[in-house]
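Peer 1: Sequence:
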Amino acid sequence: MNNPLESIRWTEGTAALEKLLEEAGAAAVRGMNQGFEAEVTRIDADRGSFVLKIWSKDSRPDVGCCGF
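Sequence positions in the sequence shown follow UniProt numbering and run 1 to 68.
Rather than coming from a laboratory, the hints here were simulated on the basis of the structure.
Note that the structure is a prediction, hence the values are computed from the model and not measured.
All C-beta atoms in this analysis are idealised placements derived from N, C-alpha and C, irrespective of residue type, glycine included.
Just to be clear, a hint being listed does not mean it is correct.
What the hints assert, rightly or not - Computed Cβ-Cβ distance ranges for the label pairs, DEER-style:
no.: 1; residue 1: Thr-14; residue 2: Trp-55; range: 16 to 24 Å
no.: 2; residue 1: Asp-58; residue 2: Ala-15; range: 27 to 35 Å
no.: 3; residue 1: Ala-26; residue 2: Val-51; range: 16 to 24 Å
no.: 4; residue 1: Asp-58; residue 2: Glu-22; range: 28 to 36 Å
no.: 5; residue 1: Asp-58; residue 2: Ala-26; range: 27 to 35 Å
no.: 6; residue 1: Trp-10; residue 2: Ser-49; range: 18 to 26 Å
Unchecked claim - Pairs of lysine to aspartate or glutamate, EDC-like flavour, derived with a Cα cap of 20 Å:
no.: 7; residue 1: Lys-53; residue 2: Glu-12
no.: 8; residue 1: Lys-19; residue 2: Asp-46
no.: 9; residue 1: Lys-57; residue 2: Asp-46
no.: 10; residue 1: Lys-53; residue 2: Glu-39
no.: 11; residue 1: Lys-53; residue 2: Glu-6
no.: 12; residue 1: Lys-53; residue 2: Glu-23
no.: 13; residue 1: Lys-57; residue 2: Glu-37
no.: 14; residue 1: Lys-19; residue 2: Glu-37
no.: 15; residue 1: Lys-19; residue 2: Glu-39
no.: 16; residue 1: Lys-53; residue 2: Glu-37
no.: 17; residue 1: Lys-53; residue 2: Glu-18
Construct the complete structure from the given sequences, taking the supplied hints into account.
Peer 2: Written as structure tokens, this is what we have:
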């Protein structure tokens, strides 16, 4: 499975994200159970484990609603 971190055009980020992106090539990527709203991927890196959720346009998410 290709690493989805490398194909995303990030518009915002943090120092932690930058470090994770530097290690993206060595990260293990595993698919998880999918729902209607999003594709969910587990990313295991030296820094820890993370979940990447890519929202489906069909579910019409308001992902900018909560200020995360």
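Peer 1: Next, verify each hint and record whether it holds.
Peer 2: Results for each hint:
Between Thr-14 and Trp-55, the C-beta spacing of about 19 Å keeps the proposed range 16 to 24 Å intact. About 33 Å separates the C-beta atoms of Asp-58 and Ala-15, a value consistent with the hinted range of 27 to 35 Å. At roughly 18 Å, the beta carbons of Ala-26 and Val-51 sit within the given window of 16 to 24 Å. Hint check: Asp-58 to Glu-22, Cβ distance near 33 Å, so the stated range 28 to 36 Å holds.
Checking the proposed 27 to 35 Å range against Asp-58 and Ala-26 shows it holds: the Cβ atoms sit about 33 Å from each other. Between Trp-10 and Ser-49, the C-beta spacing of about 19 Å keeps the proposed range 18 to 26 Å intact. The suggested pairing of Lys-53 with Glu-12 holds, with an alpha-carbon distance near 15 Å, which does not exceed 20 Å. For the suggested pair Lys-19 and Asp-46, the alpha carbons sit about 10 Å apart, so the restraint of at most 20 Å is met.
With a C-alpha separation of about 31 Å, the suggested pairing of Lys-57 with Asp-46 is violated against the 20 Å cut-off. Proximity of Lys-53 to Glu-39 is assessed by CA-CA distance (about 6 Å); at most 20 Å being required, the pair is judged to hold. Under the criterion of a C-alpha separation no larger than 20 Å, the hint pairing Lys-53 with Glu-6 is consistent with the structure, at around 14 Å. Using a Cα cut-off of 20 Å, the hinted pair Lys-53 and Glu-23 holds, with the two alpha carbons roughly 19 Å apart.
Only pairs whose Cα atoms come within 20 Å are accepted, and Lys-57 paired with Glu-37 is accepted, the gap being roughly 8 Å. Between Lys-19 and Glu-37 the alpha-carbon distance is near 28 Å, which puts this suggested pair outside the 20 Å criterion. For the hint pairing Lys-19 with Glu-39, the CA-to-CA distance comes to about 23 Å; that exceeds 20 Å, so the pair is violated. The suggested pairing of Lys-53 with Glu-37 holds, with an alpha-carbon distance near 9 Å, which does not exceed 20 Å.
Among the hinted pairs, Lys-53 with Glu-18 is consistent with the structure: their alpha-carbon atoms are about 18 Å apart, no more than 20 Å.
In terms of the numbered hints stated before, the structure departs from hints 9, 14, 15, listed from lowest to highest.
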